[in-house]
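Asker: Below are the chains, spelled out letter by letter.
2 protein chains.
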Amino acid sequence: MKLSTKGRYGLRAMVDLGIHSEQEPVSISSIAARQQISDRYLEQLIGKLKKAGLVSSVRGAQGGYQLARDPGEISAGDILRVLEGDLMSVTCDGDGDGDTPCCEVSDYCVTRYVWQKVHEGIIAAVDNLTLAELIEQSKGMHGGC
Amino acid sequence: MKLSTKGRYGLRAMVDLGIHSEQEPVSISSIAARQQISDRYLEQLIGKLKKAGLVSSVRGAQGGYQLARDPGEISAGDILRVLEGDLMSVTCDGDGDGDTPCCEVSDYCVTRYVWQKVHEGIIAAVDNLTLAELIEQSKGMHGGC
DNA sequence: GCAAACCCCACTAAATTGCTAGGATTTCCA
DNA sequence: TGGAAATCCTAGCAATTTAGTGGGGTTTGC
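So the protein lines, in turn, are chains A and B.
To convert, note that position 103 of the first sequence is 103 in my numbering; the numbers rise steadily by one, no gaps.
To convert, note that position 121 of the second sequence is 121 in my numbering; the numbers rise steadily by one, no gaps.
I should point out that these hints are in silico values taken from the structure, not numbers from a laboratory.
Keep in mind that a hint or two might mislead.
Cross-link-like lysine-lysine pairs, in silico, DSS-like; alpha carbons within 27 Å at most [claimed, not checked]:
1) B:Lys117 x A:Lys139
2) B:Lys139 x B:Lys48
3) B:Lys6 x A:Lys2
4) A:Lys117 x B:Lys50
5) A:Lys117 x B:Lys139
6) A:Lys6 x B:Lys50
7) B:Lys50 x A:Lys2
8) B:Lys48 x A:Lys2
9) A:Lys50 x A:Lys2
10) A:Lys2 x A:Lys51
11) A:Lys6 x B:Lys6
12) A:Lys48 x B:Lys139
13) A:Lys51 x B:Lys2
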């Protein structure tokens, strides 16, 4: 139960875009260099973010990526959902093929109950956190941690 | 970012123990049969829970497991932390070997910031949820979901 | 026209997950 | 006193996921 590099890199890339792409599009290679990430790998992650409509692209030379919306209109949850899949989707222990009802085994709905609670906690946290806020945070700390 | 069977099975096993082990210890095989879980696998999970001090064991014939503490004194978070590892541990993207400071790359502390928020949300959810509450939930629903 | 960039898909080594297997040890009970 | 029932311990293994790498294409500014 941990955040993979997909989510971590994606958050950093989006913050980077927010800071550097206001005037002109930013290339994968420049983000990768600043963030010290494999550019081939980052390319795939940003591809997903583009398909999800969070970033827009400009093809050809001097092209690159830009945020598709205002940073205030993008939440950390939006980014993480794209890259990490459903954030703690609430599933039963049933096989989920639709044939069997969700809960034929005694008392395993506790899982569902717990997960509902956890899910609510996560969603509340990441959906109320805008990219704008993260960018502000990031600008605030120069080198220090 | 999902709950593995470890956490799901562990929660169900603990609820099962809470319901059935008040008088006498309960064997792995009976829990596994009721919960429809591989007993060999469950054995390993309960082993961890024992090492963590959440359940106690009685060896030999007619032995088995019991809750080590009152269900009101065990939280869902306690169980999940044992089986799923740190719940969203807040780590930087630094290599974490202690040699390099946490944040030598520009602005990746946003990861840390986001994760702090998510972590708080999760902890608040699972640590305020007692096993007693889950047992009550479980008893409340007979077959229904 | 050519280089810089995005785009797309396939492959792979390493780690994790969800088990299975084979025992050894302890203890109740007939 | 001899099983049988149970916990304990460690190792292995197939399937999946992760974190990339690789080899191309296509679009576009200069």
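Asker: Could you run down the list of hints and mark each one as holding or not?
Answerer: Right, here's what the structure says about each hint:
| no. | hint | in the structure |
| --- | --- | --- |
| 1 | B:Lys117 x A:Lys139 | holds (19 Å) |
| 2 | B:Lys139 x B:Lys48 | holds (26 Å) |
| 3 | B:Lys6 x A:Lys2 | holds (14 Å) |
| 4 | A:Lys117 x B:Lys50 | holds (25 Å) |
| 5 | A:Lys117 x B:Lys139 | holds (19 Å) |
| 6 | A:Lys6 x B:Lys50 | violated (34 Å) |
| 7 | B:Lys50 x A:Lys2 | holds (24 Å) |
| 8 | B:Lys48 x A:Lys2 | holds (19 Å) |
| 9 | A:Lys50 x A:Lys2 | holds (24 Å) |
| 10 | A:Lys2 x A:Lys51 | holds (25 Å) |
| 11 | A:Lys6 x B:Lys6 | holds (23 Å) |
| 12 | A:Lys48 x B:Lys139 | violated (44 Å) |
| 13 | A:Lys51 x B:Lys2 | holds (23 Å) |
Of the numbered hints listed earlier, those contradicted by the structure are 6, 12.
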